[in-house]
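A.B. asks: Residues per chain, in single letters:
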Amino acid sequence: MTAILEINGLSKHFGGVQAVSDFSLSVEKGSITGLIGPNGAGKSTVIELVSGFQKPDTGAIVFAGRKIQGREPHRIGQLGLLRTFQLAREWPKLTVMENMLVAALDQRRPTIWRALATPGRLREAQEADRGRAQAILADFDLLALRNDLAGTLSGGQKRLLEFARLVIAKPAMVLLDEPLAGVNPVLGARIQESIEILASRDITVLLVEHNLRLIEALCSSVAVMALGTRIAFGNMAELRSDTKVVDAYLGTSA
Amino acid sequence: MTDYLVTIATFAVIYGITAMALNVRWGWAGEFDFFVYGLLAVGGYTYAVMVLPPAPKNDPGLIYMLGLKAPAIVGALAAMGVTGVISLVVGAIALRNLRQVFFGIMTFSSVLIMTAVVGQEVDLFNGYNGVFNVPQPFHSSLHLNSEAYSFFFLGICIVVLIVVYFVLERIFWSPYGLVLRAIREDEVAAAAFGFSPYTSRLKAYVAGGMIAGLSGALLVSYLTAFNTDAWSPIETVLIFAAIIIGGTGNSRGAILGSFIIFGVILEGTRFLPALPGNPDAPSAFRAIAIALVTLAFLRWRPQGILPERHYQDRSETVSLPRIPALQHRGDGNLEG
Numbered sequence: 010m011t012a013i014l015e016i017n018g019l020s021k022h023f024g025g026v027q028a029v030s031d032f033s034l035s036v037e038k039g040s041i042t043g044l045i046g047p048n049g050a051g052k053s054t055v056i057e058l059v060s061g062f063q064k065p066d067t068g069a070i071v072f073a074g075r076k077i078q079g080r081e082p083h084r085i086g087q088l089g090l091l092r093t094f095q096l097a098r099e100w101p102k103l104t105v106m107e108n109m110l111v112a113a114l115d116q117r118r119p120t121i122w123r124a125l126a127t128p129g130r131l132r133e134a135q136e137a138d139r140g141r142a143q144a145i146l147a148d149f150d151l152l153a154l155r156n157d158l159a160g161t162l163s164g165g166q167k168r169l170l171e172f173a174r175l176v177i178a179k180p181a182m183v184l185l186d187e188p189l190a191g192v193n194p195v196l197g198a199r200i201q202e203s204i205e206i207l208a209s210r211d212i213t214v215l216l217v218e219h220n221l222r223l224i225e226a227l228c229s230s231v232a233v234m235a236l237g238t239r240i241a242f243g244n245m246a247e248l249r250s251d252t253k254v255v256d257a258y259l260g261t262s263a
Numbered sequence: 430m431t432d433y434l435v436t437i438a439t440f441a442v443i444y445g446i447t448a449m450a451l452n453v454r455w456g457w458a459g460e461f462d463f464f465v466y467g468l469l470a471v472g473g474y475t476y477a478v479m480v481l482p483p484a485p486k487n488d489p490g491l492i493y494m495l496g497l498k499a500p501a502i503v504g505a506l507a508a509m510g511v512t513g514v515i516s517l518v519v520g521a522i523a524l525r526n527l528r529q530v531f532f533g534i535m536t537f538s539s540v541l542i543m544t545a546v547v548g549q550e551v552d553l554f555n556g557y558n559g560v561f562n563v564p565q566p567f568h569s570s571l572h573l574n575s576e577a578y579s580f581f582f583l584g585i586c587i588v589v590l591i592v593v594y595f596v597l598e599r600i601f602w603s604p605y606g607l608v609l610r611a612i613r614e615d616e617v618a619a620a621a622f623g624f625s626p627y628t629s630r631l632k633a634y635v636a637g638g639m640i641a642g643l644s645g646a647l648l649v650s651y652l653t654a655f656n657t658d659a660w661s662p663i664e665t666v667l668i669f670a671a672i673i674i675g676g677t678g679n680s681r682g683a684i685l686g687s688f689i690i691f692g693v694i695l696e697g698t699r700f701l702p703a704l705p706g707n708p709d710a711p712s713a714f715r716a717i718a719i720a721l722v723t724l725a726f727l728r729w730r731p732q733g734i735l736p737e738r739h740y741q742d743r744s745e746t747v748s749l750p751r752i753p754a755l756q757h758r759g760d761g762n763l764e765g
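These protein sequence lines map, in sequence, to chains R and L. Residues 10 to 263, numbered by our numbering, are exactly what the first sequence covers, in order. Residues 430 to 765, numbered by our numbering, are exactly what the second sequence covers, in order.
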């Protein structure tokens, strides 16, 4: 088993708040790894640091053999490490199909020069992408809505579109930041299926989530964070009997 | 009457090209840009000093750089080159962190500074006297009478308009155009998918600037003069109005809007009766008319007459087999 993502000694402070301190984690290739912890534990900051939207103070992040700490977000995206956000971030005034076609693009391909010099080749590539997009949208029950503007979808459909975009982008790994936030239980089951679709396509998943049933259903290994650092790592059965974890969630008894 | 209509059509076509340029920045990339009118001036001045003969040595009333007597096409290409470089500099600074109204303030101030510098630097740009007697393209070689030449010039403008339109259509429907609109909609999500918002926006800013420079070259070669006084960022508002009315994000809309603003509203209000003792009334009515029409569109039809177009997937879709992970539904209720 090899690690696709290795985080070592990661620290980040905002003003006087130490959001993450000396956090380390290794995510195995092909796994669904959970990251849990009480509110304010620093889980979301870890996602922000790994995806490049925040710069770490210290620490190393190695993704697929490359150091990525401090790189710009789009550079990290180009390496095949994508992420979602707590609120769905569709491109509202593009259609569902256009959302898919953007996500499907090789990020180095879209240039003005190519648009003018080789329009035919681009059109062929787009036709191929469209076929793939149709198949994926069908899996997420969005095919009939493909010509609608993404901004007109319901909240749940926007979530599913985010997963559809991830699938067509074919990343090596995704960081999912609370995919169940604000989602009803029925849709929750669809989100669980969506994460299983990602895993079935050999996409490694790091899942930040408060819903422990989802974590237990999907994750072979789970890291627990509290006060910016990792306090435990293992499967859910092991973590349940870990007093440090119980204390972190319920408050330390005197 | 024909003369009059040809004049109006020429202005509307030239401003149609300017509107397409601003549409790249505002409609496609979402930049609230006021610099575009400054680029019209830069393009116009560059064109003028490229095609004019050298400035007379002993005439303090007429001073300008270069004076290369270059052919009109070289002058137009130089106008695009210079406006491209200036757009690159302004864009590289302004697009780093500024968005929306802050970007607008930055670009608005940039034009004001530029106008002031050009107006004061008599030794370099001839100040508020500007340059004049700019030769018109092919005028001396064609030997047309003035009426025939005005048709010929309108023809040149229409050809340029059509070429610019098709180049922009190709960019709009390309992957680059699609990514640019995604960045306009949500640049954070676009960055997460591996697209650089800064680079994509900067490219659009430069492309829009070069087209604005080209329209400036056409405008100055039509007017045969360049004068700093006539170039103020307020004029940009008219171009914004044309885009909002015609259809934001749609090149056809930008052209249509220019004909409505510069052909119908600006000219139509000229026939209003003059108020005795109030010589400013007609221009005030003109401004009010444009403002009212623009506001009405923003309120009732913000997408404009011809809205932004989208990739439509009309293909018949066959029912595709669902992939295995979806067939076994999860444990159902996930409520924690």
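These aren't lab readings, by the way, just hints derived from the structure by calculation. Wrong hints could be hidden among the right ones.
Just so you have them, the derived chain L footprint on chain R, three or more residues with Cβ under 8 Å [unchecked claim]:
hint, segment
1, 97 to 104
2, 122 to 130
3, 163 to 170
This structure is a prediction, so every number in the text was calculated from the model and none was measured. Note that CB positions come from ideal geometry on N, CA and C, so glycine has one too.
A.B. asks: Each hint should be assessed against the structure and marked as holding or not.
C.D. replies: Each hint tested on the structure:
no.: 1; hint: 97 to 104; in the structure: holds (count 7)
no.: 2; hint: 122 to 130; in the structure: holds (count 4)
no.: 3; hint: 163 to 170; in the structure: violated (count 0)
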